[in-house]
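Chains G and E, in that order, are what the protein sequence lines are.
Every letter in the first sequence is one number past the one before it in our numbering, and letter 317, counting from 1, is 317.
Every letter in the second sequence is one number past the one before it in our numbering, and letter 372, counting from 1, is 372.
Keep in mind that the hints were calculated from the coordinates and are not lab data.
Take these hints with a grain of salt, some might be off.
Quick partial rundown of chain E residues pointing at chain G, CB under 8 Å, derived from the structure [claimed, not checked]:
| no. | residue |
| --- | --- |
| 1 | Glu132 |
| 2 | Leu242 |
| 3 | Ser350 |
| 4 | Met355 |
No farther apart than 30 Å at their CA atoms in a straight line, the calculated lysine-lysine pairs in the DSBU-like style are these [to be verified]:
| no. | chain 1 | residue 1 | chain 2 | residue 2 |
| --- | --- | --- | --- | --- |
| 5 | G | Lys101 | E | Lys336 |
| 6 | G | Lys387 | E | Lys102 |
| 7 | E | Lys344 | G | Lys62 |
| 8 | E | Lys75 | G | Lys285 |
| 9 | E | Lys180 | E | Lys214 |
| 10 | E | Lys63 | G | Lys348 |
| 11 | E | Lys124 | G | Lys329 |
| 12 | E | Lys124 | G | Lys294 |
| 13 | G | Lys23 | E | Lys344 |
| 14 | G | Lys279 | E | Lys165 |
| 15 | G | Lys144 | G | Lys331 |
| 16 | G | Lys391 | G | Lys344 |
| 17 | E | Lys65 | E | Lys206 |
| 18 | G | Lys387 | G | Lys333 |
| 19 | E | Lys331 | E | Lys257 |
| 20 | E | Lys7 | G | Lys4 |
| 21 | E | Lys336 | G | Lys116 |
| 22 | G | Lys344 | E | Lys63 |
Derived coverage of chain G by chain E (criterion: at least 3 residues anywhere in the stretch with Cβ under 8 Å from a Cβ of chain E; other residues may be distant) [to be verified]:
| no. | stretch |
| --- | --- |
| 23 | 13 to 27 |
| 24 | 126 to 132 |
| 25 | 135 to 148 |
| 26 | 269 to 276 |
| 27 | 305 to 316 |
We put the beta carbon where it would ideally sit given N, CA and C, even for glycine.
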Amino acid sequence: MLKKNLKEFELENGIKVIYYQRKELPLFSFAIGFDTGQYEDPEGKEGLFNLTISLIDKGTKKFDVFKISEFFDSYGARFDITPSKNFLTVSVLCREDFSEKIVNFLFHILTEPAFKEEEILKEKMRIITEILQEREEPEILVSKKFYEVLYENTPLSHPIEGYEETIRKIEKKDIENFYFEKILKKNIYISATTSLDFDKFKRILKNTFARLDKRRKDKRNFSYPLKISKKILILRDKVNQVFVRLGHFSLLRRDKNYSKLLLLNYILGGGAFASRLYKKIRNEKGLVYSVYSKFYPLDPFKGPFIYAFQTGSNNFPLALKILLEEIKKFKEKGPLKAEIEDAKGFFKGSIPRDTETYNQLTGMFLSSLKYGISPFFMYDTLNEMMKIDLKSAREFSNSFFDHKNICGTILLPEKYNIGFLKEIFPNHIICNE
Amino acid sequence: MKRINFKIYEEELNNGFKIIFIPMDRKVVTVHILYKVGSRNEIEGKRGISHLLEHMMFKGTKKLKPEEYSGIVQKMGGVDNAFTTEDFTLYYSTIPSENLFKILEMEADRMVNCVFNEFESEKKVIIEERKERTENSPFGRFWENLSLLSYTLHPYRYPVIGFEKDLLNIKKKDIKDWYKKYYTPSNSFMVISGGFDRDKTFEKIKEVFGKINKKGEKINEHFYEPEQEGERRMIIKENGFLKILGITFQIPSFSDKEFLPLSMISNILGGSESSRLNKRLVLEMNLCNQVGIYCEEKMDKGLFIFYALLNKDAEFEKVIEIFWNEMQSIKKGEIKKDEMERVKNMLYSSFLYRMQSTQGRAFLISHFELHGDCKRVFKYLEEIDRIKPDDLVEATEKYLKKERSNTLILC
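Generate coordinates for the entire structure from the input sequences, incorporating the hints supplied.
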């Protein structure tokens, strides 16, 4: 990556932009980020954020839903709307020669959505069906329930799509208010990686996103206290495996220990074949197909740190015991020096691989704007990581990991006896859904 | 349509091992080794052996301990993995360019020196994988049954992962024999894309792969599936909320000239947001919340597959009726100029997007090479461009007939 190819600037209305020129292929990768997310959902109308953004491409005053889908497809463009707990990303990948038409159109649909009653009804039905269907996918079900337990009593606990009953309550005026107040007026960030010349790119923005109102520069606010509930929620289903999601909170993205967590998670369970959990539970014992730990460093609230596996009913007690033992061992003794060096090698070599495609770069630049960090943050993270020594890694490991202070969900076959769980989690509340 | 400029270079060693180089201005390099063996080569009682062998390839050699291969790759900052399909088994790694020679040495080593450690525990892992992906997922059960319904004799009807009973029956000797028969230089090829010195790399390949004398001949097996006579239908009642519909037809292999028109039909009908069936069934009538159509790109007869996730109150028969109406419309030649253009643009863009990464290019070239000629990649866009609506009508009449369809309902 070349620093000279990158230009960072602000439009007159305060929208921050990163442009990166790459000439290798005639492509235009463009993303717009909004400082909003599921955490803005009002109580009783869970799913409002998701429903609102899923209607963005379902019609404007000028174009109906069919014309919008035809427009992107006719230029071979890939259009995506990606909601998350703390952000909204709208992105498009297309050929450079179609960039102006695509951005003009994108600007139109983002600024003039019609939110027609007919489309709202259809979208509600679609989402409700999806919720019902997903109940039959045990892996999805256990994952969603995990968030309910982890973020209990906050607007982050519900699934992003909400619940059947809350979706039904949402009305057109809720959607319009939410869109124009909680999305369109928020801080907006733009990033692009393209073969398109900088001057032409600026001209495209001048005719589109620069025309939006001046940004209010609101700070993202999340006032709910986050506390681990020490609850293990038991679910039952017609399955022949046990599905496990345990976890706690991770760190804020801006936390000074972010690079340490990245490194240590790799060693414990994030490093696939190289991780301790994988070696112990899969390779040595053959108990699972996949086992891992992962985390999401969010802002303005802490994201989750998750331990997950699924296994045959007979294997479950042993797999769970090993998982907890490994976390305990990692807390008490920390990583080995050799493990730290191997992990550093992995992250050092990852940068060229993680910056190969136009979309990878665009996504990275958007993250840098979202979290207020350098566009080349991966080099900063790497530099910090290279300074981590055994002592500091062990100190952090000891303070962060805690096999006792976790919560989670376990989905079991219908008649599975869970008596032994009380011995494993003596201080937890083990409750059925 | 614009041409995309890039070069590929082909070489072949005396032992029949072919190498394809795709130089790119990158600091990383992707290496593929593709063995031309998959579940279609398997026999009764040993279903899943190719996939099991893929797992065992990570279990060490005379020089490496179990999982050490991946450990070394990850220390370099690389990623590696493998997957098995009905037609082939592919091992890939993407690593910083300076480590390329190490990968070449390790790939050559495991082509001949696998020791099959941890054999029994790895079978247990695969049994868990099967439960995870197939038995405990309604979608897994749906796709497994769709193949069983769509073929009567061809081994494509069986799942790549095999069956638990077969997996338990496979012995170490079976795996060794499979490895000996199919994992040979002449039954495989390598694709290298990214930043590397071609001459030096080829020298290294000659050094490490050239000395492999593993006996074996070029295996060119094709399997028989009788012409389908009569519509087939299967209903699986699970009594849940999920309602999935699948309709399939047997179609020619990817290398057949009639494949592309069928692929374009699949795109017009169900390949995108603006496709006919997505518009009708999802956006307009709200009968489904997801539909899709695609053509399997296989060595033998693949499938043209339509699938739909129906909404709670939607009726299967209504969705099926709309599907056949649209098919009828293609048969009548009711194909708009802008539909053809849109599909061609989408195929061209999709091709371009795959060219972004070393991995994307390697997959593209591996795919064309498997199907007979890696250089077809340069003609591919022109082939798409030459297709006319009449070709679509002809292909529909020949292959997408009701009496040759298979319908699966899961509800």
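Outcome of the hint check:
1. Nearest Cβ of chain G to the Cβ of Glu132 of chain E: about 5 Å, under the 8 Å cut. The hint holds.
2. Taking 8 Å as the C-beta cut-off, the interface hint given for Leu242 of chain E holds, the closest approach to chain G being about 5 Å.
3. The beta carbon of Ser350 of chain E is positioned within 8 Å of a beta carbon in chain G (closest approach about 7 Å), and the interface hint is therefore held.
4. The closest approach between the C-beta of Met355 of chain E and any C-beta of chain G is roughly 6 Å, which is under the 8 Å cut-off, so the hint is satisfied.
5. Note on Lys101 of chain G and Lys336 of chain E: the hinted pairing holds, with a Cα-Cα distance of about 23 Å set against a maximum of 30 Å.
6. The straight-line distance between the Cα atoms of Lys387 of chain G and Lys102 of chain E is roughly 28 Å, inside the 30 Å bound, and the hint therefore holds.
7. Restraint check: the Cα-Cα separation between Lys344 of chain E and Lys62 of chain G comes to about 26 Å, which is no more than 30 Å; the hinted pair holds.
8. Under the criterion of a C-alpha separation no larger than 30 Å, the hint pairing Lys75 of chain E with Lys285 of chain G is consistent with the structure, at around 24 Å.
9. Between Lys180 of chain E and Lys214 of chain E the alpha-carbon distance is near 8 Å, which keeps this suggested pair within the 30 Å criterion.
10. Between Lys63 of chain E and Lys348 of chain G, the direct Cα distance comes to roughly 26 Å. Compliance with the 30 Å bound is thereby established for this hinted pair.
11. Pair hint Lys124 of chain E plus Lys329 of chain G holds up; C-alpha atoms about 26 Å apart against a cutoff of 30 Å.
12. With a CA separation close to 25 Å, the supplied pair Lys124 of chain E and Lys294 of chain G stays within the 30 Å bound.
13. Taking the CA atoms of Lys23 of chain G and Lys344 of chain E, the gap is near 24 Å; set against the 30 Å cutoff, the hint holds.
14. With a C-alpha separation of about 26 Å, the suggested pair Lys279 of chain G and Lys165 of chain E falls inside the 30 Å cut-off, and the hint holds.
15. The hinted pair formed by Lys144 of chain G and Lys331 of chain G meets the criterion: a straight-line CA distance of about 27 Å does not exceed 30 Å.
16. A C-alpha spacing of about 15 Å is found between Lys391 of chain G and Lys344 of chain G, which places the hinted pair at or below 30 Å, so the restraint holds.
17. For the suggested pair Lys65 of chain E and Lys206 of chain E, the alpha carbons sit about 25 Å apart, so the restraint of at most 30 Å is met.
18. Between Lys387 of chain G and Lys333 of chain G the alpha-carbon distance is near 20 Å, which keeps this suggested pair within the 30 Å criterion.
19. Taking the CA atoms of Lys331 of chain E and Lys257 of chain E, the gap is about 19 Å. The hint holds against a cut of 30 Å.
20. In summary, the hint linking Lys7 of chain E to Lys4 of chain G is supported, as the alpha carbons are separated by about 28 Å, within the 30 Å threshold.
21. For the proposed pair Lys336 of chain E and Lys116 of chain G, the alpha carbon gap of about 29 Å is at most 30 Å, so the pair holds.
22. A threshold of 30 Å between alpha carbons decides the hint, and for Lys344 of chain G with Lys63 of chain E the separation of about 25 Å falls inside it, so the pair holds.
23. For the stretch 13 to 27 of chain G, the stated coverage by chain E is satisfied: 4 residues place a CB nearer than 8 Å to a CB of that chain, which reaches the threshold of 3.
24. Counting residues of the stretch 126 to 132 of chain G whose beta-carbon sits less than 8 Å from any beta-carbon of chain E gives 5, enough to reach three: the coverage restraint holds.
25. Counting residues of the stretch 135 to 148 of chain G whose CB lies closer than 8 Å to any CB of chain E gives 5, which reaches the minimum of 3, so the coverage claim holds.
26. Counting residues of the stretch 269 to 276 of chain G whose CB lies closer than 8 Å to any CB of chain E gives 4, so the stated coverage by that chain holds, three being the minimum.
27. Check on the stretch 305 to 316 of chain G: 4 of its residues sit with their Cβ under 8 Å from a Cβ of chain E, so the three-residue criterion for coverage holds.
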